[in-house]
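Based on these hints, arrange chain B on the given structure of chain A.
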Amino acid sequence: MRNWADFETVEGAGGPVLRVSGPLVVASIAPLDMRLREMTTLAAIDISKVSDIDTVGAWSIWRASTELDAKIEGASDKAQRLIEAVSNAKSTAPISPVRPKALERVPEAVGERVTEFATGVKDMLAFLGLTIMAFGALIRHPRRFPHLALVRQLELVGVSSLGIIGLMSFLIGIVIAQQGAVQLQQFGAEIYTINLTGRLTLRELGVLMTAIMVAGRSGSAFAAQIGTMKLTEEVDAMRTIGVSPIERLVVPRILAAVLMMPVLGFYSSVIAIIGGAFIANFALDIPFWTFLSRIREVVPMTDLWVGLIKAPVFGLIVAMSGCYQGMQVSGNAEEVGLRTTLAVVQAIFMVIVLDAFFAIFFTEIGWA
Amino acid sequence: MSNERADELMHEADHEAHEVPPQFAGEFPIVIENLTNRFGEQVVHEDLSLKVRRGEILGVVGGSGTGKSVLMRSIIGLQIPEKGSIDVLGQSITDAMEDEDIDIRSRWGVLFQGGALFSTLTVAENVEVPLKQFYPELANDLMHEIARYKVRLSGLPEEATSKYPSELSGGMRKRAGLARALALDPELLFLDEPTAGLDPIGAAAFDHLTRELADTMGLTVFLITHDLDTLYAICDRVAVLADHKVIAVGTIPELLATDHAWIQEYFNGPRGRAADTTYHRADEGRDGQER
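Respectively, the protein sequence lines represent chains A and B.
Position one of the first sequence corresponds to residue 1 (the numbering used here), numbered consecutively onward.
Position one of the second sequence corresponds to residue 1 (the numbering used here), numbered consecutively onward.
So here's chain A without its partners, still in its complex pose (with noise of 0.2 Å):
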């Protein structure tokens, strides 16, 4: 049981007066103060018998007493003192900022959206434009050319990555030879499985798979670590030394993913092949070493140009993202995981339009 604060209401000269009794605290006020906020009329409050008081406690009577023009009668010291304090604390203002109606706010967004998604385009052109520049002044000055960082963002967006990217690809291989096999099938022309499972990968899917993860990996890597050395003044302080943070952080980085996309997107489709001869050797019975001899035959040398080409194009894009977002982060830690995310979402969004745009292009110049 809970002390809870006590009254009683008895008859005064002046009119009705509230006796309080009991502890006058956070803990014991609630049901007290909820009746103190019925009443209309009172006289006086008598605080006399009361054990004990804190500034809750005075705010609630002090509060009453105001709004009911009510004296406060045999306070102690301790409650005048908290009485007088909390009185000067008084204050009106709002708990949270005014929200606008949602007929306002629903417009402004969608208003803000898109002039957001417009100068976001011209701010990440311009962002390129930078990049170009930098690297044109690293071809006059090779020697600023930052070698370690560039071995070091070789190694984090290649090396390491291998093993989950031939994972991912070996269970790729293994669906689309699958999966393709039981549809070929129903009119015995199974035997294509190689065709799908060859063509497909390197065409699409190894690149196109090996984008998305290195937009998830490498690409949120480079915004969270970029923003974070924002945040920290990092940045700054290059800036102040004279070193471009450009130069030191974004080149190496966006270089790296140039360069490691297209090795892994090639990687991806080998393992991926791999994937699918090694279903198709339980599944379908064609043996292992025959499906991988018959990719050389029915895939043509274009598919891998196709997938080679793309890949740096897309590597770009994931680097350009993360370090772009990188770069726009400002304020508090908050803002680094906002824009980790929107770096790895652009990046996708980016490359699988880009991809659509390949597709065209690549069967409209013959290479089908």
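None of these hints come from the bench; they were simulated from the model.
Ideal Cβ placement from N, Cα and C applies to all residues, glycine included.
Be aware that one or more of the hints could be misleading.
Said to hold, decoys possible - Listed next, the stretches of chain A that the computed footprint assigns to chain B, with coverage defined by at least 3 CB atoms under 8 Å from CB atoms of chain B:
#: 1; segment: 24-30
#: 2; segment: 50-60
#: 3; segment: 236-247
Claimed, not checked - Only some residues are given here: those of chain B computed to face chain A with a beta carbon under 10 Å:
#: 4; residue: 106
#: 5; residue: 120
#: 6; residue: 121
#: 7; residue: 124
#: 8; residue: 144
#: 9; residue: 148
#: 10; residue: 149
#: 11; residue: 153
#: 12; residue: 161
#: 13; residue: 164
#: 14; residue: 165
#: 15; residue: 216
#: 16; residue: 229
What follows is chain B alone, placed relative to chain A:
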């Protein structure tokens, strides 16, 4: 009608809410005995003992890395010590399980170094968090009013009430943190370097505010600081941490009487002497009427 509702409310609160013990009446709200803290090989505290008196402002000083913050974290139950016992308001922190010491938690307030405000809530909403946690039976109106006056009590302007922490300066964030620490009218207040990073005027104002609130609300304050001015201006006693222990506790004149090298260097260095002079000047000015 209203009486029934109030009765119902009391009834509900009695079922759900925790018991609220009466104010602590003993002499020492914080008692630390033979505390040992260790991070791997590194010993932070060894056989540390300290008693904090009721109603005092105890300043805790020590060089960097002597474990002032670790000591505070141990007392408020964030750091589980290796050995020793800590009693807060007559209850053992070291023996309590995770949720057992919850009724002590409603009786202390903590101001972390950076304010540690919840960044997605406004200042007032920050103040309401502990109120809602411990006293959900409070009416919304009252809750908002409490938040408002606590914000003003902590020396913030009215406009700060509905602002988000990211919109506040460092000094205002500390005051907002103090408002949240005082939300429940605690008996104990822990302050971790409250004046660090404030300009001298802001720091002096914060010191003054601490003293005033401690006097008005009858708080016991555990104050970690590097600020000599704070020690001279508002602390009743000072505890010195060195060599993994509390090597001395007492008023500043008492500490000056000891011959420990670090204490002498600390208080008799150029900054210590400057603070001493200021304090005496100020003290003569107000003729000791403050305390």
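When the structure is checked against the list of hints, which entries are broken? Sort them ascending. 3, 16
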